[in-house]
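> Based on the sequences and whatever the hints tell you, model everything.
Protein chains in written order, with this note's numbering: chain A, 1 to 162; chain B, 1 to 162; chain C, 1 to 162; chain D, 1 to 162; chain E, 1 to 162; chain F, 1 to 162; chain G, 1 to 162; chain H, 1 to 162.
Hints were generated in silico from the structure; no laboratory data involved.
Just so you know, not all the hints are guaranteed correct.
BS3-like cross-link-like pairs, simulated, lysine-lysine; straight-line CA separation at most 25 angstroms [as the list claims (entries may be wrong)]:
1. LYS73/C - LYS154/D
2. LYS154/F - LYS73/E
3. LYS73/B - LYS73/H
4. LYS154/F - LYS154/E
5. LYS73/F - LYS73/D
6. LYS73/E - LYS73/G
7. LYS73/G - LYS154/G
8. LYS73/A - LYS154/A
9. LYS154/F - LYS73/F
10. LYS154/D - LYS154/C
11. LYS154/C - LYS73/C
12. LYS154/B - LYS73/A
13. LYS154/B - LYS73/B
All values reported here derive from a predicted model rather than from experimental measurement.
8 protein chains.
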Amino acid sequence: MRESNPKRGRNSNGTDVSALDREIIRFLQEDGRRPYTQIATALGLSEAAIRARVNRLVGSGILQVVGVADPTKLGYQQALVGVRCEPGRRTEVAEALARLPEVDYVVLTAGRYDVLIETVVEDNDGLLEFLDVRLPSVGGIRETEAFPYLRLVKQTYQFGTR
Amino acid sequence: MRESNPKRGRNSNGTDVSALDREIIRFLQEDGRRPYTQIATALGLSEAAIRARVNRLVGSGILQVVGVADPTKLGYQQALVGVRCEPGRRTEVAEALARLPEVDYVVLTAGRYDVLIETVVEDNDGLLEFLDVRLPSVGGIRETEAFPYLRLVKQTYQFGTR
Amino acid sequence: MRESNPKRGRNSNGTDVSALDREIIRFLQEDGRRPYTQIATALGLSEAAIRARVNRLVGSGILQVVGVADPTKLGYQQALVGVRCEPGRRTEVAEALARLPEVDYVVLTAGRYDVLIETVVEDNDGLLEFLDVRLPSVGGIRETEAFPYLRLVKQTYQFGTR
Amino acid sequence: MRESNPKRGRNSNGTDVSALDREIIRFLQEDGRRPYTQIATALGLSEAAIRARVNRLVGSGILQVVGVADPTKLGYQQALVGVRCEPGRRTEVAEALARLPEVDYVVLTAGRYDVLIETVVEDNDGLLEFLDVRLPSVGGIRETEAFPYLRLVKQTYQFGTR
Amino acid sequence: MRESNPKRGRNSNGTDVSALDREIIRFLQEDGRRPYTQIATALGLSEAAIRARVNRLVGSGILQVVGVADPTKLGYQQALVGVRCEPGRRTEVAEALARLPEVDYVVLTAGRYDVLIETVVEDNDGLLEFLDVRLPSVGGIRETEAFPYLRLVKQTYQFGTR
Amino acid sequence: MRESNPKRGRNSNGTDVSALDREIIRFLQEDGRRPYTQIATALGLSEAAIRARVNRLVGSGILQVVGVADPTKLGYQQALVGVRCEPGRRTEVAEALARLPEVDYVVLTAGRYDVLIETVVEDNDGLLEFLDVRLPSVGGIRETEAFPYLRLVKQTYQFGTR
Amino acid sequence: MRESNPKRGRNSNGTDVSALDREIIRFLQEDGRRPYTQIATALGLSEAAIRARVNRLVGSGILQVVGVADPTKLGYQQALVGVRCEPGRRTEVAEALARLPEVDYVVLTAGRYDVLIETVVEDNDGLLEFLDVRLPSVGGIRETEAFPYLRLVKQTYQFGTR
Amino acid sequence: MRESNPKRGRNSNGTDVSALDREIIRFLQEDGRRPYTQIATALGLSEAAIRARVNRLVGSGILQVVGVADPTKLGYQQALVGVRCEPGRRTEVAEALARLPEVDYVVLTAGRYDVLIETVVEDNDGLLEFLDVRLPSVGGIRETEAFPYLRLVKQTYQFGTR
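If you want it as structure tokens, here you go:
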């Protein structure tokens, strides 16, 4: 098993993730509660080695093992919000938005919007409150455009290790 | 502990999730590998009861317990793609896009786009291949606009049970 | 040779509404259940004359006397939908949309959209069903953009007779 | 006849409207001047009970019984105006616009515009005066886009109680 | 109580132009140098009467009799420029733009732009100078979008009197 | 007086217009009915020479001498319409639109629209008829966006000969 | 001098360009006619080695050594054209556009446009001819938007080897 | 061989480039390292004359003879960025952007954007740094929209002398 993967080296961080780490991630993407002993057996390693590697991946922010609920099925309203920032403030805005608890996803993008965020709120009143009070509490925003979700069709986490 | 939560009843599915289920979800959102015995003790239930409820939540698609990797740190390129469909085909398009393995997120929305998807690809060549070959393999698409991710700032799953 | 040009009046129907009719309309805009005797006294006419004029205004579509409910307070989701049509089909599309029971308002406009409609649905699933099934059942539509209502702030009918 | 309607409970206010109230609303949506005695007979209640319920619905803003005139047939020009606000001012702007007498409809929305309003004016000069003087008298507006009405095709109030 | 409502005429000025004036305008739209004696004979009036009416029409700004050159054939570059103004300044901006000699057409509009102007310049350098120096010398402009003309296909003045 | 003007030679047609022609055009731009004798005196030529040159300019489409009425003051509604065409049909569309009598201006442009036209109609009904029946009678149009005129602020023809 | 440059390895082709090649490229970016003997001396290699490496770089399409003229100074009109394609045809369209001699730059992009091209034409007539005849001769194009150049401010080739 | 070329005279600078200069440019567009002796023979001139003319063309900014590398093949990320400026600052912004070393192309345009620039950066992090730090270091920018390149399909310099 190759421990280096030069073809994937687009991001410097990426080069720190070995092929073995990727195998472990793949097992956990399928089932986050898979016992480490099972993964250890499959990869020919000790459970301690698996645990140590998972801890390192989690500690460095490469991996989370979490319960992911479907907000729609819990009765919540979600929306994607495209954000355009004042010149020179997009990273600052993104980081401030990331500190809002009702924002679960923040990404800096190229194109029509500078930052894309996903928010989870109770209902339309909550979305209005978010758009008119919470989101503008962050300075440096020029304009926003919200896309309320009507139905969540797919949410998977099995990528990147095929 | 109330088992019903009438204030959250926006979606009929939502009413099937009890306050107790929400507590369990909250524990797993914080740490997907938290031992059921720990959750059982905290909520005053047996481990078997917790396990049964988690299994029901997972079986009904309300919850996944999974390893979530940061694609950027694995050296991948991600993009959000806004999709506009031919009239009357948006649900069909969303479901077909959900079947593509390189698409990890599909949501039907109101506004400028009909469907929003997230894709994870190797690099710019992979994004071009996705936009020009894979995505159009789905019929009923009228136009698309891709937003390549420059940096992922926040990705959390702790919502909906506060 | 005529020296006057009555055709320049903006709406031919407008000229059929007398100042007296406008006074009656104003009374009913304030309170649709105002007794005709009260209006008759105020305008120095008989109740029968008021009744006859109201009937004529209602019969010609100039006036409706109706209960207007606030959909938000009844727990419904409303949305404005901007519609762009295939060339030469905007009037036909507008008339077909007007026949859908879940559409309560249809207007032909100039600008970015050809037709603007308002719809009242049960919830997000109802809005998706409307956008993906009901609305496209009307032929000649090229693209649509929905604006879900977050809060209704004003809905009044006292205009046009000041 | 059930007095509760849990399936419609999207807005907390909505839950205060009983199925019986909805029946009364439906009668008045068809004809705002229908005598209460007629409604009372149909629903097996006293006229006083109907009157009391109507008064409560009107008092709480759930229902208006009004004369609704067709502005086009009265010779007026109408327009929808999409309004984009400065960050954090959309509710304030909506409420200020609602205080302008030439504005008959104000709604807070998600999407390309923050607030949608409908205005009724005398003619093109009146629309220009509205857009350039009246509307900007409200602070916090960033940009506006007017859609002049060319023809009103449908205006109905029979919804929400089917 | 007046039963007629002359204010509904769309433009008050429009009512001041008699059918006879319209006939005279029509003759001059066809040929601006047509001798008044010829028009007088055709309409059964004296040359003096025609001359007086033309003078009144010109004096009140209803009519110009002018040489209209095709800028393209004279070797000039033309462009339409859509202008968006700061709130409440569109009339002021339009009037200031009208005072620039290189602007030959200014109109206040509804829709995506607040003001549309046409400019005639020497070449691309002149257009850049106009967009970057002359046009912004007018305060209250928020953004502009220029549409350089590639070919003038029709320019006629025979309307409004058919 | 130079007869050639190399600095203006952007269009080949432009080179056929001498500096003397430009002087004559300038006189007529100021007043289309200026007697040729007056122009002849000012330029040191015979009236016959002026008449011959004007006839040549008019015959080659470089100049029109016409009565230009203000449509607004005649009680008409005008609108600019931006037209986008099917690929490869913009010149054909422009020429077909130029044949419609209610279209008084047609220009091929670069940018968001392929063709810009100006139309003069009676009122809002006429504009709707134009947009939905007359304009689409021309094949090859993909989409249109109308900008109704609210007020004409400047319309001058004194350019190109300074 | 390192011959490998792992930090630059985003594209697999990129890894074939050694640090030495990059040095040579840098010399030629500054002056395309710099004698190979001069470069050889500076880098401590033989002229033959430099020549061989340049030939390999040119042969593999990594480098061109060319005269680059400023089209504006040669009296030409340039424009960028944003192209949107029918689904699944963007690569095919880009390659077909690349075969047109009046197109000097073709790039596949993410965002509002699928393909961006630069064209060099004689004048406005040439641009219209290009947009209406040449460009649509390529099948699979849905819409285009041209940005005529008003002034070229910078055109340099010194990048990528710093 | 004609030394003047009146048909190309759109820009005053253009008239300074003789037909002979154009022939020389054409030879160098094909191969920037073509020996001057070869060009001299082909055009019937001395090598010194060719060298003098090339020097003059280079000195006046009409021609560069340079190595042009393909940034994609060197492993770089490129993007076009559309820039909209504050009123009256587009030339100033363009000139300031031209001074940034990571910007290799700057052009002032008409249309949706005021300035178009091309940038060459290391990777997505570099693009974010450019968009959020370097580009806004230039004052007078109102908004930007980046189009990351997915694949460079054509880059040629053989134009303008056919």
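> Each of the hints needs a verdict: does it hold here or not?
For each hint, the structure was consulted:
Between the alpha carbons of LYS73/C and LYS154/D the distance comes to roughly 23 angstroms, so the proposed pair stays at or under 25 angstroms and holds. The hinted pair formed by LYS154/F and LYS73/E meets the criterion: a straight-line CA distance of about 23 angstroms does not exceed 25 angstroms. Only pairs whose Cα atoms come within 25 angstroms are accepted, and LYS73/B paired with LYS73/H is accepted, the gap being roughly 24 angstroms. About 20 angstroms separates the Cα atoms of LYS154/F and LYS154/E, which keeps this hinted pair within 25 angstroms; it holds.
Distance hint between LYS73/F and LYS73/D is fulfilled; the C-alpha atoms sit about 24 angstroms from each other, no more than 25 angstroms. The suggested pairing of LYS73/E with LYS73/G holds, with an alpha-carbon distance near 24 angstroms, which does not exceed 25 angstroms. A C-alpha spacing of about 13 angstroms is found between LYS73/G and LYS154/G, which places the hinted pair at or below 25 angstroms, so the restraint holds. For the proposed pair LYS73/A and LYS154/A, the alpha carbon gap of about 13 angstroms is at most 25 angstroms, so the pair holds.
Of the pairs offered as hints, the one joining LYS154/F and LYS73/F holds, with about 13 angstroms between alpha carbons and a cut-off of 25 angstroms not exceeded. A C-alpha spacing of about 20 angstroms is found between LYS154/D and LYS154/C, which places the hinted pair at or below 25 angstroms, so the restraint holds. Between LYS154/C and LYS73/C, the direct Cα distance comes to roughly 13 angstroms. Compliance with the 25 angstroms bound is thereby established for this hinted pair. Between LYS154/B and LYS73/A the alpha-carbon distance is near 23 angstroms, which keeps this suggested pair within the 25 angstroms criterion.
This hinted pair checks out: LYS154/B and LYS73/B have alpha carbons roughly 13 angstroms apart, not beyond 25 angstroms.
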